[in-house]
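Q: Turn these sequences into a full structure, and let the hints steer you where they fit.
There are 2 protein chains.
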Amino acid sequence: MIQIEAVPGIGEVAPGCDIGAILADALRPMAPVSGDIVVVTSKILSKAEGRRLSLNTIEPGARATEIATAIGKDARLVELVLRESTDVVRTGRNVLITRHKLGLVMANGGIDASNIGTDEADMVLLLPEDPDASATRLRADLRERLGVDLGILLSDSFGRPWRHGVVNVAIGAAGLPAIIDRRGDIDRDGRVLQMTQIAYGDLLASAAGLAMGEAAEGIPAVLVRGCTAEGDAPASALVRPLAEDLFR
Amino acid sequence: MIQIEAVPGIGEVAPGCDIGAILADALRPMAPVSGDIVVVTSKILSKAEGRRLSLNTIEPGARATEIATAIGKDARLVELVLRESTDVVRTGRNVLITRHKLGLVMANGGIDASNIGTDEADMVLLLPEDPDASATRLRADLRERLGVDLGILLSDSFGRPWRHGVVNVAIGAAGLPAIIDRRGDIDRDGRVLQMTQIAYGDLLASAAGLAMGEAAEGIPAVLVRGCTAEGDAPASALVRPLAEDLFR
Chain A
2 MIQIEAVPGI GEVAPGCDIG AILADALRPM APVSGDIVVV TSKILSKAEG
52 RRLSLNTIEP GARATEIATA IGKDARLVEL VLRESTDVVR TGRNVLITRH
102 KLGLVMANGG IDASNIGTDE ADMVLLLPED PDASATRLRA DLRERLGVDL
152 GILLSDSFGR PWRHGVVNVA IGAAGLPAII DRRGDIDRDG RVLQMTQIAY
202 GDLLASAAGL AMGEAAEGIP AVLVRGCTAE GDAPASALVR PLAEDLFR
Chain B
2 MIQIEAVPGI GEVAPGCDIG AILADALRPM APVSGDIVVV TSKILSKAEG
52 RRLSLNTIEP GARATEIATA IGKDARLVEL VLRESTDVVR TGRNVLITRH
102 KLGLVMANGG IDASNIGTDE ADMVLLLPED PDASATRLRA DLRERLGVDL
152 GILLSDSFGR PWRHGVVNVA IGAAGLPAII DRRGDIDRDG RVLQMTQIAY
202 GDLLASAAGL AMGEAAEGIP AVLVRGCTAE GDAPASALVR PLAEDLFR
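Protein chains in written order, with our numbering: chain A, 2 to 249; chain B, 2 to 249.
Take the hints with a grain of salt, since some may be wrong.
Note that the list lumps identical chains together, so a pair holds whenever it fits in one copy or between two copies.
Quick list of in silico lysine to any residue cross-link-like pairs, SDA-like style, CA-CA up to 20 Å [unchecked claim]:
1. K102 - R161
2. K74 - V89
3. K102 - E130
4. K102 - E13
5. K74 - D19
No lab work stands behind these hints: they were computed from the structure.
A: Spelled out as structure tokens, the structure:
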């Protein structure tokens, strides 16, 4: 049986705080064992890593200003999105979908302006610089503090082009298979499986999303027990490279 | 705490079998209570509803033959995909993504040629004709047999344009909120939430996917306990209408 439980007692995460210490303290009463998985929002890692920024420090260039006017967004935000991205995928009224430098196709370059825990209205939060590396560091830190080998998943919310509503996906992972490759496996009737890769990290992130509730409730970490998938693959393995993008 | 558990003991599902009776027998030892959710693959509903078809009965038309030649697929399968679809979204080498009549943008019009439990190599399986209605019927049936009000979710596997691997999504739902609308809610800092709809049905489907394992193992039903989201919305509410499709 798989069990999914919110990690209680994580308060507001301040810039530069010791996120490993905070998580270890919150996890200890839950008595996690090796193989359990901690899913944390990328947002609290971003905060801990000091990825906050004031839009007031951003000078929008000509392209950002042009896009901002066309779609009705803050030109400073658009400028920042462009700096975080390699490619503009689609624009529309109040819609800006780009390919982030990490390869993630998402709204607003992953820049978050909600629930960042500040009174300053112009503060925004960028994604962690290298989410797989953040997960790997956090895993080593929690191993040291708790004496167990936990899987770590950094999750974020993505919209989808053809479906309403957001789902949680994996943007960083360590100590678990973010993707499981079944190429060559045979089904029960002896046919080669058509869908040969499972986005296991995204399944985990979405499962944790059930316990995170909505942003307004602010549950930033979830413990998942009882998953048995073996292997190790980073969340970057979930990114479909530009060369395979049918929608470019 | 949310608990996710495979429903054991569901064997091969034959065309026209009584899926409600099979599921009730399998669920009874698990003692489900009202509010628990049963996630079943759309595949077993398709089988029970007799949605099997032999490709040998399909005469490909000119358009299907043309596409099939271009992308390297069986022209009879392409013909069937076109009949199931309103729109071809993208084609590529061995890739055929369409908008299914139900509004679902997916590979091969949701037609499944793996694990359909037959020796006949040309048999394929279509999606249930009306998955929300299938879920509603199954819910009423299980209420009668088990005396509890379960939520029912029909799941399927979807690829994504910018991410590797498949995830499980909701294509039919009854007795649960497939989508949760938070429009107008305020976050902890007093800002209006930007991401205001949660694809709760897709989160549930993906969570169940963790316990379904891979197709080769063939676990077609999962019991999810402890979810507290209230409300009722069909899976069709997850479909983004064509008019909102930025990628057309």
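Q: If a hint holds in the structure, say so; if it doesn't, say that too.
A: Hints, one by one, checked against the model:
1. K102 - R161: both (19 Å within a copy, 19 Å between copies)
2. K74 - V89: within (15 Å within a copy, 32 Å between copies)
3. K102 - E130: So K102 and E130 pass the 20 Å test inside one copy only (9 Å; across, 41 Å).
4. K102 - E13: neither (28 Å within a copy, 46 Å between copies)
5. K74 - D19: Neither: 34 Å inside a copy, 54 Å across copies.
In summary, the numbered hints that this structure violates are 4, 5.
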